[in-house]
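Chains as they are written, first to last, in my numbering: chain H, 1 to 218; chain G, 1001 to 1353; chain X, 2001 to 2799.
These are computed hints drawn from the structure, not numbers from a lab.
Sample of chain X residues facing chain G (criterion: CB under 8 Å; computed from the structure):
{"no.": "1", "residue": "V2077"}
{"no.": "2", "residue": "R2080"}
{"no.": "3", "residue": "R2081"}
{"no.": "4", "residue": "A2082"}
{"no.": "5", "residue": "G2083"}
{"no.": "6", "residue": "F2109"}
{"no.": "7", "residue": "T2110"}
{"no.": "8", "residue": "A2127"}
{"no.": "9", "residue": "I2130"}
{"no.": "10", "residue": "G2131"}
{"no.": "11", "residue": "I2167"}
{"no.": "12", "residue": "W2171"}
{"no.": "13", "residue": "E2187"}
{"no.": "14", "residue": "P2189"}
{"no.": "15", "residue": "G2191"}
Under 10 Å between C-beta atoms, here's a sample of chain X residues computed to sit facing chain G:
{"no.": "16", "residue": "W2084"}
{"no.": "17", "residue": "L2085"}
{"no.": "18", "residue": "D2166"}
{"no.": "19", "residue": "T2169"}
{"no.": "20", "residue": "Q2188"}
{"no.": "21", "residue": "L2192"}
For glycine and all other residues, C-beta sits at the position ideal for the given N, C-alpha and C.
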Amino acid sequence: MLLTLRDVRKSYNTEGSRVGVLKGVSFELDAGQHLALTGESGSGKSTLLHLIAGLDMPDGGQIRVSGADLAGMTDAQLAAVRRGKIGLVFQQFNLIPSMTVAQNLAFHARLAGKLDEDWNAELTERLGLAACLNRYPEQLSGGQQQRVAIGRTLAAKPDLILADEPTGNLDEDTGDVVIELMLQLVSDVKAGFILVTHSTKLAGLLHRRLHLTHGLLQ
Amino acid sequence: MSVRILLLLFLLMTCGVRAQGFAGLGTDAEGFSVPEPGRELVFPQDHGPHPDFRIEWWYLTANLKDENGADFGLQWTLFRSALRPTAGKGWSASQTWMAHAGVTTGEDHFSTERFSRGGIGQAGVTAVPFSAWIDDWRMTSLAAPGNDSLSALRVFARGPDFSYDIALTASGPLVLHGDNGLSVKSASGQASYYYSQPFYTVTGTITLPSGRFTVSGRAWLDREWSSQPLDPDQTGWDWLSLHFDDGAKLMGFRLRSRSTDAYTSATWIEPGGKTTAYGDGVLKMTPGRVRRVAGRDVPVEWRLQLAERDLDITVRAINPQSWMETLVPYWEGPVTAEGSRRGQGYLEMTGYE
Amino acid sequence: MIAAGFAALLSHWRYRPLQLLTLIGGLALATGLWTGVQAINSEARSSYSRAAAVLGQDTLEQLQSDSGGPIAADRFVSLRRAGWLVSPVVTGDLRLGQNRVRVMGFDVFTLPRGAAPIGLSGNEDIAAFIGDGLVLAHPDTVAALGDTDLNLRTSLRVAPGDLMADIATAWSLLERRDFDYLLLAAEQPGGLEPLSQIVPDLRRVQPDAQGDIARLTDSFHLNLTAFAFLSFAVGLFIVHATIGLAFEQRRAVIRTLRALGMPNRAVVLLLLTEIVLLALIAGLLGVMLGYGIAALLLPDVAATLAGLYGANVPGTLTLRPDWVLTGLAIALGGALLAVWQGLWRIARLPLLAPAQPRAWAMASRKNTVWTTLGGLVLLLAALLLAWFGRGLTAGFLTLGALLLGAALLLPAFLSLVLALGARASRSVMAEWVWADMRQQVPNLSLALMALMLALAANIGVGTMVSSFRYTFTGWLDQRLASELYVSADNEAQAEELRSFLAGRADAVLPMRSLEVDIGGAPVFVYGIVDHATYRDHWPLLESLEDVWDRVAAGEGALINEQMYRRGGHRLGDRIAITPDWAEEIVGVYSDYGNPTGQMIVQHDRLMASFPDIAKLRHAVRVPPRDAQALAEALVDEFGLPPGNILNQADLKRFSLQIFDRTFLVTGALNIFTLGIAAFAIFANLLTLSSMRLMQLAPVWAVGTTRAELARLEMLRTLALAVLTWLLALPVGLLLAWVLLAIVNVEAFGWRLPMHIFPAAWFQLLAMAVLAAGVAAAIPVWRLARTQPANFLKVFVHER
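Please model the complete structure; the sequences and the hints are all you need to start from.
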């Protein structure tokens, strides 16, 4: 099993009182499986994604990635998991502003120590980024930026790819193109995929769909 | 030189008969001699300095006219002040000297001053032959042997913008004020030795920025010394010397006091030199018109009444702005008298703040 | 409405107390150092003008004897009797126990108006002054003298080290009966006989309006001021950065206020009021700080001025309204200068413009090209100024252009080095670190420029001081060749002294000197006898052939470097010492630490022209091991006061002590400047920290720990400090060269060889790294402790 969640809970302190965001979430994801996570704004879907990525720790419950329990891991171990097994695509600010497109594309893979030059070149080609390899992120359009982020994630060939509203900042046409490309590439590397989205249309393109309401799966 | 230092230094000097407590002197005479009744003045010795007394002066004022009849007033004064009764020597001598010179015209008033320590020859007075000097200012006797040494004088002084050189000849005797030269200055008995030579005729020249003037007229010399001439309560004084056209002369002063009425004193001098002294209250001096002078209100017009002599006159300043811009400033200038008698003279006023 | 609006704007600071602290702290620090230096300067200047005004020296002409001797007392009286308004002054040095004081005797009766008052009050005082030998002295002097037989009274109007007394008192103290000079009152009566007829042997000497001291110390104070200004400029960087951000962060509030109907003008006025209030608070703090700094440094400055220039400045500070007000004004002016750009933007802000703190910070990046161009132009200007410039001002302009130009080049320099570094790096993290640093440069450049300036100043001044000390020590050995320096109290004693020493010493060399006026400047002329002491040791820089034979024959003069350079002389030129005595320049010698011109001629020739010079001082040659014994014999057998004997070792120690204290002040100012630069870095990093999260979050997300990021962040700051130091090094050395070869020559008249002390550079590097480390500590610590949630906000929230 690629990913197992058991009774995951998370709450935040807000103005003195604790507000439960996730109130016991459990599900499993097989390798290569594509899952859409939908829900209203504030339903906790981003939080859930962050917990799976090891960016934040749950208050209770268990998260296992490729059988390893994230609870009890040190900062360094969590970082290693992110580096080696997980790929992340966010709505914005995905890229490292001080590095060129080429550097950004290769960054994660080099960090994880598994840069595959041929694959990288193929990605660049398929994402249509060949013309802007030497540019800096701030010189790119939103859609281009997001393609770089997707390329960076896929270059490292992670087991699990997590995307949080990757097209939320793009217009609909661009968004569709980007998502389509992303799904193809995710399939090609045979990675597990969780897409956080509020769009039912998008959710329909994936293998499974889970809906989160008030911190609980439906 | 700091104005303040010298001001303080010469507080002593300026507090005399004519320099009453306006400068605040109320010190005692400890260690110094004090004037005593019955002492006969002896000349020419008493023309010279009396270092055992605290203060002393040689004070000359002159009413002059040039060839065109324009009025001039002239002042030459040498003050002596002893810092302490012990003598000291050379640069450590305890005598100090100050001099004032002034020239007044109808429009202008010039004044300047000099200071010196005693003991080094920069300033001093000798009785025989008579000479009084400070720097290049001098008052020296030209009297023939056998005559009183003050009967003929040459007087010289100069400042940055004026100078004068005059010759004086006395046509009358020395005049003793008060009780045979002992002049009482307050109800509580402070006194000084005080005599005058009021009978001078003068010729000479005055040089001013506007030119050189040949002048002639009359002059009056005062000699006075004491150790504690004032009452601490006395705040200032008004002093007058007048030459009347008929040859008579009058010296009068009025000492103002904080707590009591002003103290007055006068000497009537007949043309032949015979004197009559009038004690407190006989002479009446009433201030008239007041003028703004150097930031103060000063009466430049006076009414004088001496009933014993049927005198009722008004005295007016020739130049109301006759202000002595010296370290211890005061009003000193020529006046004219009108009324029951006509004449001219000098007025001095101090202590007007 | 106004009150509510003001409260809304001010509430910003409650949420960002650190920003408030940075703003007020930066401004207060800048104002503090500036005010401190101004306080020192104004204290020193007031004592110079007091010294210059003593007895009217600054405004009154003097009559002095042609022969260099004193004026007999009766000549004063004759001049007065001739109508000339003159006033006598007697002055001389007096040794009281361990102390040396200057006695000034004057005549209170004739001292012209316009001469300085001395602070007597009351009849008793004057009587005491004239009769009882009252002596007035500065409280410092009174304290230093301790128990004496003198009838001493303290007066703040007397310069430290001076005793003011009546002529008679001064005479008895100095055992004299004559005068040194007569003061001429400015206004004299008309029609006097000319002085040239009454006293043909006395000459009129013009008053010295400024005073030698003020002129000589000008460059020293200019130095201090330059330092203070540098610190102030560094402080302004901080204020500018903070205020800009605070304005930007408050755009939302301002937008709301305007949407609620507050006129834009009112908003701008409120912001202006706010900055004025803050500036006044910071200014007050700065003035207090400045007072503290000045009080701390003044004793050393006073020692420096006394040692180097013989200027007496009291070691205590007076609160003077001039520098308090200047301090407040400069705080206010500085704050307004820093804020006007922000205010201008707000005044023209479209109602609905979005808040863009990121854009604000990034804007400076585009400026790099212009900055670099500006830097190059300034460096070129520095080069031209160094080549063609003349005078002290040109020297300082060279310095300024060099420093500012180098500072402006810093961003480009750093970018270049970092790009090279990135190219050379192998690992992806290293690549990122280089790239990220490069991106940081525009944001940190102001603070780094401040650091660069502080470091360069430090290296430059340090090199100058060390070179100076190195040269000075060697020079002292040459110059102070004689083992003992002995002076007699009077001529009779001097005669006995010479016969006492005749059998006991290898040589007794007379030391005769006189101050003359050559070309309007004071020059000390020394007469020497021919002796190996001079031939073997004297530090000649340039000379003609047979230089010593020529001097010994009375056919030439040696002059010191100062006089040589100032007068633009050449060897072989003739210099007129008196109207009928000129000497050829046959040699030039170095004379460090002496601000005035000096000349050396043959002894007998000098005495022939100035027969009345006091013959009191002697240099004594003995085998060094016998020096101590001879000094003791002079005291025990001959009965000379111990204070009249100086031995060579003491003199050298004393000279070096003065030297070291001189530059203690410079060192302290250096440290302060470095501290302010560190504060600038701190403020800048703090300001940037929220923005940093955005740049770091992606790296964190793809698998880096916060601890690692924090470590790299610290490393980056330290690396930038090291790189800045790297640029500061050549700039500092250039600065040292300008100081030694241009400024020193213009200010002091001597040129020093430059020596390099690399150990000091690495000390400074350590200090720079430490300063940067301390500055970065809090921001980095905060980064290491950042909650993941805060990182995540980057990805979630719209910014």
